[in-house]
Structures are given as C-alpha cells and as structure tokens.
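Please model the entire structure based on the sequences and the hints provided.
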Amino acid sequence: MIIQYIMKEGLSGFRRTRLAMTTSIVTIAAALVLLGLFAITYMNTSRIVNSFRDRVEMEVFLAEPAPDSLCTAVDAALRAVHGVAGTKFVSKDQAALIFKEEFGEDIHGVLDFNPLPPSFKIYLSAGSKNADSAAAIALQLKHIPGIDDIIYRKTLLELLDRRSRTFVLVSAAIGLALCITALLLVSNTIRLIIYSKRQLITTMKLVGATRMFIRLPFFIEGILQGALGGMLACLLLYLVDTYVTRLLGQDLSEFLLVPPFMYAAIATTGIMLGFAGSALSIRKFITEKIGL
Amino acid sequence: MVQLYNVGISFDKHSVLEGVSLDVAPGEFVSIVGASGTGKSTLLRLLYMDLMPGKGLVRVGSFSSDTIRKKQVPLLRRRLGIVFQDFKLLEDRSAFENVAFALQVTGAKSADITKKVMTVMGRVGLNHRRNAMPHQLSGGEQQRVAIARALVNEPFLLLADEPTGNLDPVTAHDILQLLININTQGTAVIMTTHNYDLVRKAPGRIIQLKDRTAAEVQLKS
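First to last, the protein sequences are chains R and P. According to our numbering, the first sequence holds residues 1 to 292 in order. According to our numbering, the second sequence holds residues 1001 to 1221 in order.
Don't take each hint at face value.
[What the hints assert, rightly or not] Which chain P residues face chain R? A few, computed with CB under 7 angstroms, are given here:
1. LYS1088
2. ALA1102
3. VAL1105
[Claimed, not checked] To give an idea of the chain R side of the interface with chain P (calculated C-beta under 10 angstroms), a few residues:
4. LYS100
5. MET204
6. LEU206
7. ALA209
8. PHE213
Hints in this document: simulated from the structure, not taken from any laboratory. Since this is a predicted model, take the numbers as computed values, not measurements. Each residue gets a CB set at the ideal place from its N, CA and C atoms; glycine is no exception.
Given below as structure tokens:
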C-alpha cells in the first residue's frame, strides 16, 4: 500500500505542475544533448589527437662502427627504459632502402660509401606519448653507450599537449555549466511541486507520516524528470547522429563515432541530475521551510 | 498520560509560556481557554511535539520531550488525533479519501482502510457524504471529516485547536457534542478555545492561559 501510494504521489506532479514539469524535462534534454554533443566532440577529437600521437616515433642512431654485439646490447638497454613499449632495428642497408623510397635516389649512386648509421625505431607506451614523458625518455637514452643521436617530433608533441589541455579544460567547464543549469532547473521544478503540495505535506506531518514517506515521492518525481529528459536527449542525439552520418557520407562519417555507451551515460546522467536536483530542493525547502 | 512539568517556551526571545505544569488523566476532557495570543496553540504544538520546550518537560503517553528522537515523532502522532479550526482537509480528495489518508501514511492495508473509514464516518454521522469534496461540504461537515480523520487511528488523545472557531453557534454546539461523545467512549480530549460560552457546556476541567502561565479556573454559569 505504501509503495503504491508513494508511486501514485510521485507521478501526480506530472498532473499538478504540468507546465513546470514539461519545461524541466525539455530543458534537461536540451542540456544533455549539448553535453552529449560536447562529449562526442571531445571523444572524437581525442581520438584524432591520439592518432597523431601514435604516429610520433622516436629514433636513436648508433655511433659507428656498430658491431652486432653493440646493437644487441643497445636494444636490451632501450627495452629496459620505462615508457618504451618496443623497438625495431634498422640496419645500414635497410636505411639505404628507406632513403631510396623516400628520396628516389640510391645512396650508393651518390656516394662511394653508405653514410647512413644503423638505428632503432622506438615505440612509446600509451602513457608516454606526450612531450614531458618523451623528453624524460630521450634524456635516459642519451646515457646509453653507443647511441649517437636521438630524434623525435618534440614540437608536434608539445603542440598537441598544449591544445589538448586547453580543450579538456574548456570542455570540462562547459560540461559543468550545463550540468549545473540542468540541476538548478530540476531543483526549481521540484520546489514548485513541493510548494503546490505544502498543504499535503503539513497534513502528512500531522497524521504521522515518516520523513521518508513524505520525501520519497519528490525523489521519484525528480528521478522521473531526469530519466525522461535523458531518454529525450538520447532520441535527439540518435536523430542528429543519423542525420549527420548521412550528410557526411561513409568516408567522413568515420570521424564521428557515437559509441552505444554514450546513450547509457546520457540517460544515467539525466537520472543522477534528477535525483540531485530533488535532493537539493527537498533539503532546502522541506527541511528548512516546512521543518521536516 | 499527559504531563507538562514547568514548561517554558520562547519565540525570538519573546516568552510565550513560563512554568506551565499540567496533568491530564486517561479519558479526561480538558478545555484550555484564553484570549488570542496567550499560547493555546503553542501548548497543543508542544503536545504533538511540533515544538520542543525551551525549559521543562512534556510527556505524552510513552513519549518524552527530553528523550524523543526526530524519527519517533510520527509514531507519537499516529497515537494522537489532531483537529484544527481551519480543518486542514486536502481539497483535491473526497471526504472518504481525506480520512483514508491518515491510514495510508501508516501503511495500512486497503481492505482495513475501507472498513475503518466507513466505521469512523458513521461515528461522526457523515457516511452519506463520504464521496463529497471538501468544497461541497458545509463548515460543520468539514470539521466532522477532520474529526473522523483524527479518530481513524483510534487515538488515546484528541487535540482540538479552536475546533469551532470557524463555525456558527449551532454547528459549534454540534461539534462540541461530538467531541463529548468521543470522550465518553474513552478518548481523552484537550480542546483549546476562546469561546467561554462553549466551555461552559463542556465537561471536565478548565485551564486558563493568562500572562504566560496556566491555572485551573471555575467559570460562573
């Protein structure tokens, strides 16, 4: 009986404060759509930035002469460095072939000897593909005997780091602002509902309703608002995704990936916003004004 | 059953009651009289523990103001019936639903609710009006619904705060008679009023609140 009553009361706000409830659901949906678009933009931009980072290689050139024993020792020393995920040895002959592929000329046709030193390509681990880690790794590599020179695209990594940091900060600030807006809207709607039910609350108090019994319907209303806002946002995002994918065509649409968990995350965020918004109102209004 | 020991309470440093002591026995009818602002409603609020005394002690049944915890207050109120001058009925519910509401909040079963509500509506003589909405009822009928709501949990004590304040003299007399009937069936009643004519017709002791204190008085007939 209690659960039936609480559910009935929880749903009654949709009837009593229809306009406020609808406004709140639509606004939550709008905020979540914006939040979702930001998340999608952030994820896809991060993916593109990471694909740039993946292309960043570090190369170490060995001092000549470099006998096999030295190459083996250097390889072992490189692999022992923290942040190095793997290595690939490039011999003098392989370097000459690469030169030919890249410049179209055979080095032996230009010079009497092969001046290209043997080298190692170094693959960095996922957490080390940033300017600071790469610089720290390069510093360690310098001390390995037999290494003559180390090169990597330091400037590109620094640029990526700087832009990523700014992008994360701006995205977080906008996301936070959107969440706060949605939270305040839910809170305000619940406050209106509480106000419209103040007589009911007073009567409940007088006939011995427990605090939880009085509060639970408002939590349910908040959660429902959030859930409906979340579902509406998911639907809108799905439509936007479908439309944009069709607009971009198959090749370009690869740059816009909306993972399925994004929809679940948006719906969950809606529910959490609804819960937090009602909790805020209940604490502010029922506890402080009505004295429960 | 009800005991107030040297109770004092202030609002914003303005003292409303000072050194008030009162004992009410089970099944007793006590009228509390006094002009507006003398603390009659405050005294009742202390009894249903909507307010806690600044000084002294209030005991109602097994609940005491010095030991009761916030979450126990609803349990006390389920053992009391409370009636107000302005009825405090829910406008969007019928008379039946208003009375049933007091049982719903306690988690009673639907079948029990119907049976108990019908019984108590009969006790206040309103079974034929059970489906009417509050605005379709007269003042006297609304107060009867409020009394039915107060009685439906079978309280040991009925608190009536100016129950006839909004009613004409004839209806006020009917309501008083209803309260007396309830009292004769074993429920203690504490009624506040500023209507001395009404009090003269009520049984039991009369306590007068004046100058922040309480004293038992005899009214001239």
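Going through the hints against the structure:
1. With a least beta-carbon distance of about 6 angstroms to chain R, the hint placing LYS1088 (chain P) at the interface is held under the 7 angstroms criterion.
2. Residue-level restraint check for ALA1102 (chain P) holds (minimum Cβ-Cβ distance to chain R is 4 angstroms; threshold 7 angstroms).
3. About 4 angstroms separates the beta-carbon of VAL1105 (chain P) from the nearest beta-carbon of chain R, less than 7 angstroms, and the hint is met.
4. With its C-beta approaching chain P no nearer than about 84 angstroms, LYS100 (chain R) sits outside the 10 angstroms limit, and its interface hint is violated.
5. Hint status for MET204 (chain R): holds, given a least beta-carbon distance of 6 angstroms to chain P, under 10 angstroms.
6. The beta carbon of LEU206 (chain R) comes within 5 angstroms of a beta carbon in chain P, closer than 10 angstroms, and the hint placing it at the interface holds.
7. Because the smallest distance between the Cβ of ALA209 (chain R) and any Cβ of chain P comes to about 4 angstroms, under 10 angstroms, the interface hint for this residue holds.
8. Nearest Cβ of chain P to the Cβ of PHE213 (chain R): about 6 angstroms, under the 10 angstroms cut. The hint holds.
In summary, the structure is inconsistent with hint 4 from the numbered list given earlier, while agreeing with all the others.
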